[in-house]
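Construct the complete structure from the given sequences, taking the supplied hints into account.
Letter by letter, the chains look like this.
2 protein chains.
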Amino acid sequence: MIPVSERKLVEVCYSPGQYHLYKEKFEIAVIIDVLRATSAITTALHCGVASIIPVSTLDEAREYLGRGFIAAAERDGEVVEGFDFGNSPFAYMDPALRGKTIVLTTTNGTRAIQIASDMPTVVIGCLNNLEILCQYLIEQHKNTLIIASGWKDKVNLEDTICGGAIADALLETRKFRSDEDSTVAAKFIYRSAREHLWSFLRSSSHRRRLIKLNITRDVKYCLTLNTVPTIPILKNGALVKLEYQPKQLRANGVQV
Amino acid sequence: MIPVSERKLVEVCYSPGQYHLYKEKFEIAVIIDVLRATSAITTALHCGVASIIPVSTLDEAREYLGRGFIAAAERDGEVVEGFDFGNSPFAYMDPALRGKTIVLTTTNGTRAIQIASDMPTVVIGCLNNLEILCQYLIEQHKNTLIIASGWKDKVNLEDTICGGAIADALLETRKFRSDEDSTVAAKFIYRSAREHLWSFLRSSSHRRRLIKLNITRDVKYCLTLNTVPTIPILKNGALVKLEYQPKQLRANGVQV
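Listed in order, the protein sequences are those of chains A and B. Sequence positions in the first sequence follow my numbering and run 1 to 256. Sequence positions in the second sequence follow my numbering and run 257 to 512.
Quick caveat, the hints were computed from the structure, so don't treat them as lab data. All residues carry an ideal CB built from backbone N, CA and C; glycine is no exception. Just to be clear, a hint being listed does not mean it is correct.
Said to hold, decoys possible - These stretches of chain B come out as covered by chain A in the derived footprint (C-beta under 8 Å, 3 or more residues):
1) 400-409
2) 412-423
3) 433-440
Rendered as structure tokens:
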């Protein structure tokens, strides 16, 4: 067993606004925006989209739109007028998008990607790619910071649960350690939630917002585990599919 | 039963650094720093200290010291050199302090009090005064923001648990509602923790820091519920004992 002092760090940061408090010491950033940006990005690359350029502002996205790019924009859960689509994962399954580059801006998720872009490695996580992502992170065995996109710099439940699930899987190997209470709390919330994820998230204000938008199908999709064995990774400012074959699937999987 | 739209808000903010994201709409701020500032303040006023002037910086505290005040200062868990004492609750039980005014600065707690001082009402909470504080807040029936002091702008477990306990008690009356995921998460962490508070907090980094300081007696004191039926309230920049007699103790108390 690796002595505690030699274990790598895994920590959960609850929002991009807190990134500066955490960013020292980490080599890999994992960006989480379960409802729905990172679930959509993972789905898109899995379904054959060549790359996704994340941008923070609508103005940047509009500039790309003017130059003939396919551009997607979501604010407060809705598609922004003038854009091709928003962050519904189903929109990204369209075979017409295979091989294309898409420019994307969302309320929380793309901002988190931008903020963490100074990290040596930035990958994308969601519940859909949870198991393969954990396997990859365990094999990499580097100091890993999980950045929940949250909701306008506040914590949200679904990203915290997803971050807690990743931290829990890494810590269980005894090759990682955690120093932060945010990580301990995320792990406990995940463990409280995992048996009944859907009903648990009924208490989430974010989900309540999304219910108003009548996108229950999207929410159910995003809350389903291990359906999309693809890891998006940031390369030269664009998210592309990581070429990765896990050495072996972990015996017990990720228990959720 | 009060319709949801007419219920008052109760929310938990995880650190002073997030106060600006929450502060609109609230009339009462409850400041929590279980280990140990708010436990010490509550204990002091209960034991007869006349008032406590919270200041944010060591320089401010030194200025008062130069003018003959009794001054206490804690940084990173330790008494600062040149000051009379730090934030150990036991130091404030000294009969020699009865009727005195004490100036206090701590790493996290006094900063949280300063930041929230624009709120119409600021009261102090901890596990020691949990039940009487909840009773008071329920009787007031105003929009209530619980501000956890956290640890250097990050979340900490013990303040989140205490905040979750207060939110849970208020929400159970069905006279309050919550819109924020931070509140839902705090409530769940509290419910995971309440049966075994002491062992739960073993996982807390903050408690690990305090163990290094060899203050187990203080930690045990601060984690004991409902031992100090006193509510400190901010009046003209000083914390004094609120004159308050609960109409009746709630039938079921605060379950922890």
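So which hints don't hold here, by number, going up?
none
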